[in-house]
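Here are the chains, one letter per residue:
Number of protein chains: 2
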Amino acid sequence: MAEELYTTKEAMLYSQRVAQLSKALWKAVEKDWQQWIKPYDLNINEHHILWISYHLKGASISDVAKFGVMHVSTAFNFSKKLEERGYLTFSKRDDDKRNTYVELTEAGTTLILEMNNNYHQTSHAILEGSLPLRDLYGRFPEFLDVMAVIRNVYGEDFIDIFERSFQNFSSSLDEPLAESLLKK
Amino acid sequence: MAEELYTTKEAMLYSQRVAQLSKALWKAVEKDWQQWIKPYDLNINEHHILWISYHLKGASISDVAKFGVMHVSTAFNFSKKLEERGYLTFSKRDDDKRNTYVELTEAGTTLILEMNNNYHQTSHAILEGSLPLRDLYGRFPEFLDVMAVIRNVYGEDFIDIFERSFQNFSSSLDEPLAESLLKK
Numbered sequence: 001m002a003e004e005l006y007t008t009k010e011a012m013l014y015s016q017r018v019a020q021l022s023k024a025l026w027k028a029v030e031k032d033w034q035q036w037i038k039p040y041d042l043n044i045n046e047h048h049i050l051w052i053s054y055h056l057k058g059a060s061i062s063d064v065a066k067f068g069v070m071h072v073s074t075a076f077n078f079s080k081k082l083e084e085r086g087y088l089t090f091s092k093r094d095d096d097k098r099n100t101y102v103e104l105t106e107a108g109t110t111l112i113l114e115m116n117n118n119y120h121q122t123s124h125a126i127l128e129g130s131l132p133l134r135d136l137y138g139r140f141p142e143f144l145d146v147m148a149v150i151r152n153v154y155g156e157d158f159i160d161i162f163e164r165s166f167q168n169f170s171s172s173l174d175e176p177l178a179e180s181l182l183k184k
Numbered sequence: 001m002a003e004e005l006y007t008t009k010e011a012m013l014y015s016q017r018v019a020q021l022s023k024a025l026w027k028a029v030e031k032d033w034q035q036w037i038k039p040y041d042l043n044i045n046e047h048h049i050l051w052i053s054y055h056l057k058g059a060s061i062s063d064v065a066k067f068g069v070m071h072v073s074t075a076f077n078f079s080k081k082l083e084e085r086g087y088l089t090f091s092k093r094d095d096d097k098r099n100t101y102v103e104l105t106e107a108g109t110t111l112i113l114e115m116n117n118n119y120h121q122t123s124h125a126i127l128e129g130s131l132p133l134r135d136l137y138g139r140f141p142e143f144l145d146v147m148a149v150i151r152n153v154y155g156e157d158f159i160d161i162f163e164r165s166f167q168n169f170s171s172s173l174d175e176p177l178a179e180s181l182l183k184k
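The listed protein sequences derive, respectively, from chains A and B.
Counting along the first sequence from 1, when you hit position 116 you're at 116 in UniProt numbering, and nothing is skipped either side.
Counting along the second sequence from 1, when you hit position 114 you're at 114 in UniProt numbering, and nothing is skipped either side.
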C-alpha cells in the first residue's frame, strides 16, 4: 500500500516534470524555427512537410503526418498549399495505389537548400544554449532518454523514419550539389 | 575551413534533431495533459497558471509568464478568466507595488487537489512510455541534458522557480490535507 502510494507520487512528479520541461524546450525550439523560416513565408508544419519530403525522397501523406506529428488532414491541407505554390507534387505509386505521395519539385528542393544555406542568418537559442555541453563533452548532447521515451510512445517505425531522414540530411550536407543549385 | 564546415553541419544536424524530438515529445505531453484536464473545462495555460500559483503559494503575473513560458498578456488574460470563475484573486503586495500577484482561492485550491486526485483517471502515454526506463534504471529518467540546455536558454531563475515548485509539489502530495479538503 505504502509502496503503491509512493509510486503514484513518483509518477505524478515525473510526468509534471516532463510536461514543464518539454513545454519550455518546445517553446524555445518553436521560436528558433519560426525565425529561421520567416523570410520564406512558411509555417512550421509547411517547412516540416518540405523537410520530410526532401529527406525521405518523397513520402506518403500518412508518413508525413506520422513523422511530422500532425493530423493527416493537416498534412494533406498544407501539402495542397505547397503544391499550389509549386513546391511539391502529388502522385500515386504503382506498388501502392491506396496512398497519396508527395514529392518536391525543383523549386521545392532549391527552397530547402537555400534555407539550409541561410541557417546561420538567424539566431538559434537552443544551439547557443547547448554549446557549454558541447565544450564539456566534446559533442552535442544526444538526449538518449528522450529518444527512448519517444520510441516507446510513437513506435519503432517512427524512430526508423527519424534515423533515415537524418542519414540523408547528413549526407546531403556533404554534397556539392547544394552549392551548384543555389548558384543557378 | 574544413573544421568550420564540419561545425556548421554538426550544428544543423543537432538543432534539427532537437527540433524534431522536442516537437514529438511536446505533442505527446500536450495530448496527455489535455485529456487529464478536459473534465474541468480548462486549457493547458489555465491549468498551468493554477498549478504555478498553487506551488509558488501566490505568484506575480510576470513569474507566471516566465515560468509558464507564455506571453505576459496571455498570463494576464487567462488569469482574469480564472478570477471570473472564482479560482484565483488578484492583489498587490506592500513590498512590491509594481507587480500584480495572483493567488488561489479555496475553490482554486480544491480544484487543483481534485485534479491531482483524478490524475490516474486518464491515460498518460509519456508515463507508460517511460516505465521500461524505470524498470531498467530503478527510477524515471531525469533528462539532465534537457535541463542543462533549458538552464542556459531560460536562465538560472527559471530553474530556481522550477525546483521550488517541485519541492512544494512533492511535499503537498504527502499532506493529508489533500484528502480532507476533497471530502468536504
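The hints are simulated quantities; they were obtained by calculation from the structure and are not laboratory data.
Note that the structure is a prediction, hence the values are computed from the model and not measured.
A virtual CB, placed ideally from N, CA and C, is assigned to each residue, including glycine.
Among the hints, erroneous ones may be present.
To be verified - Coverage of chain A stretches by chain B, computed from C-beta distances (three or more under 8 Å per stretch; other residues unrestricted): (1) 87-96; (2) 105-111; (3) 119-129.
Said to hold, decoys possible - Just some of the chain A residues that point at chain B, by a computed CB distance under 8 Å: (4) Leu25; (5) Trp26; (6) Ala28; (7) Lys38; (8) Pro39; (9) Asn43; (10) Gly138; (11) Phe140; (12) Asp145; (13) Val146; (14) Asn152; (15) Ile161; (16) Phe162; (17) Ser170; (18) Ser171; (19) Leu173.
Consistency of the hints with the structure:
1. 87-96: violated (count 0)
2. 105-111: violated (count 0)
3. 119-129: holds (count 8)
4. Leu25: Where the cut-off is 8 Å and the nearest Cβ of chain B is about 5 Å from Leu25 of chain A, the hint holds.
5. Trp26: Hint holds; Trp26 of chain A Cβ to chain B Cβ min 4 Å, cut 8 Å.
6. Ala28: Since the shortest Cβ distance to chain B is 5 Å, the answer is holds.
7. Lys38: Where the cut-off is 8 Å and the nearest Cβ of chain B is about 15 Å from Lys38 of chain A, the hint is violated.
8. Pro39: Violated: closest Cβ of chain B sits about 17 Å from Pro39 of chain A, beyond 8 Å.
9. Asn43: Result: violated, 13 Å to nearest chain B Cβ.
10. Gly138: violated, 11 Å
11. Phe140: holds, 4 Å
12. Asp145: Cβ of Asp145 of chain A sits 4 Å from chain B, so the hint holds.
13. Val146: holds, 6 Å
14. Asn152: holds, 3 Å
15. Ile161: violated, 10 Å
16. Phe162: holds, 7 Å
17. Ser170: holds, 6 Å
18. Ser171: Where the cut-off is 8 Å and the nearest Cβ of chain B is about 10 Å from Ser171 of chain A, the hint is violated.
19. Leu173: With a closest approach of 5 Å, the Leu173 of chain A hint holds.
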